[in-house]
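Next come the chains, spelled out residue by residue.
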Amino acid sequence: MKGVRIAAVSAVCVLAAVWLCVAVYSSLTLPPTYDGSSVNVLDLYRDPENTDLSDPDGAAAVIVQENLSRTGAANNVASVVFDFRGFDTLGESFILLTAIAGTYVILSRKKKKDEKKEDASDEV
Amino acid sequence: MKFKNGITERNVIVKCGADHYLPFALVFGFYVILFGTVSPGGGFQGGVIVASAVLLLYLGYGFQTAGSALRSEVLRVGESAGAVIYVILGLLGILLGARFCQNVFFDNGAVGDLVSAGTVTFMSWAVGFKVLTGVGFLLLLLLGLLAADPDEEAEGS
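Chains as they are written, first to last, in the working numbering: chain Y, 1 to 124; chain A, 1 to 157.
In isolation and in its complexed conformation, chain Y is listed as follows (with noise of 0.2 Å):
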C-alpha cells in the first residue's frame, strides 16, 4: 500500500514537472537556430551561385559545400568521422577491441579457476 502511494505521488510529481517545462517552453519565444534548413543542398551543389552566402545560413551551406566537393558524403557527419577524423575513428574501435579482450581474458581466467577448483574437489 506504502509502495503504491510513493509511485502515485512520484508519478503526479513527474506529470507536474513536465507539465510545467512544456508551459515555460511554450510561452517563450526563442531565437531562430542557423541550422541550414532554407538551403536546398542538391541545388547549392549543382549551381552555388544562386545561394545567398552572407548570412548565417549561408554559412552553414558553405560547409555542405566544401565538404560535398572534398568528399561525396550528403551526411557531413559521416564525411567529419570517416575522412577529416578517420584516425580518431580508428583510435575508438581500437579502444572497443581492447575492452572487450580486457572482458574476455578476465571471464576465461574466471572459468578456468572455476575448472581447477573443480578438479581439486575431485580429487579430494
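I should point out that these hints are in silico values taken from the structure, not numbers from a laboratory.
Take these hints with a grain of salt, some might be off.
[As the list claims (entries may be wrong)] Have a look at the derived ranges for each label pair, beta carbon to beta carbon: (1) 31/A with 19/Y: 42 to 50 Å; (2) 42/Y with 95/A: 29 to 37 Å; (3) 25/Y with 94/A: 44 to 52 Å.
[Said to hold, decoys possible] Computed footprint of chain Y on chain A; a stretch qualifies when at least three of its residues, placed anywhere within it, have a C-beta under 8 Å from a C-beta of chain Y: (4) 29 to 38; (5) 105 to 117; (6) 128 to 136.
[Unchecked claim] To give an idea of the interface, some chain Y residues facing chain A are shown, with a C-beta separation under 7 Å as derived from the structure: (7) 49; (8) 72; (9) 73; (10) 76; (11) 79; (12) 96; (13) 100; (14) 103.
Since the model is a prediction, treat every value here as computed from it, not as a measurement.
Glycine residues also receive a C-beta, built at the ideal position from the N, C-alpha and C atoms.
Could you slot chain A onto chain Y? The hints should help.
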C-alpha cells in the same frame, strides 16, 4: 520462471515479444549501417542496434539457445577482420598519394545514392561490421557469466 525440479520455462509474452521484435531490430540496424553516409546514423550506432538482437535472443530463449545460435569464435574473428578492413581502406589514401583516411574516389554515383561517397561508405560499413560482431561477442560473454551463476549457487547449496 524457474521450477524446483530445474526446468526453466520462459514467459510466453517475452518470447513472443522477442520473436516479433527481432526482425525489426535486425532490419533497422542494418539500415542504419548501410545508409550511414546519406542519413543520420552510422557504423557505431547501427552495429549496437544489431547487437541488441543477442539480448532479444537471450530474453526470449535463454542463454543455451543464444549461445548455440551464435558462434562466439566467429564473432571474435569478425571483429578483428572489421578492424583490418578499416585500416586497409584508410591506407588506400596513402597508397594513392593523399593522407591517411582521405576520400580518394568519390565520383561514383550521384549525391544521395547508397554507394556515393567513396571510401567513407565502405569504412562506415567496416566499422558497423566490427561493432556488431564485437558488441555481440561482449554481450555473449557477459550473458554467459550471468547464466553460470545460478548453477554455482545450486552446487553450493
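To see whether the hints hold, each was checked on the structure:
no.: 1; hint: 31/A with 19/Y: 42 to 50 Å; verdict: 36 Å, violated
no.: 2; hint: 42/Y with 95/A: 29 to 37 Å; verdict: 32 Å, holds
no.: 3; hint: 25/Y with 94/A: 44 to 52 Å; verdict: 50 Å, holds
no.: 4; hint: 29 to 38; verdict: holds (count 3)
no.: 5; hint: 105 to 117; verdict: holds (count 6)
no.: 6; hint: 128 to 136; verdict: holds (count 4)
no.: 7; hint: 49; verdict: 18 Å, violated
no.: 8; hint: 72; verdict: 3 Å, holds
no.: 9; hint: 73; verdict: 4 Å, holds
no.: 10; hint: 76; verdict: 10 Å, violated
no.: 11; hint: 79; verdict: 6 Å, holds
no.: 12; hint: 96; verdict: 6 Å, holds
no.: 13; hint: 100; verdict: 5 Å, holds
no.: 14; hint: 103; verdict: 6 Å, holds
Taken one by one, the earlier hints fail for this structure at numbers 1, 7 and 10, listed in ascending order.
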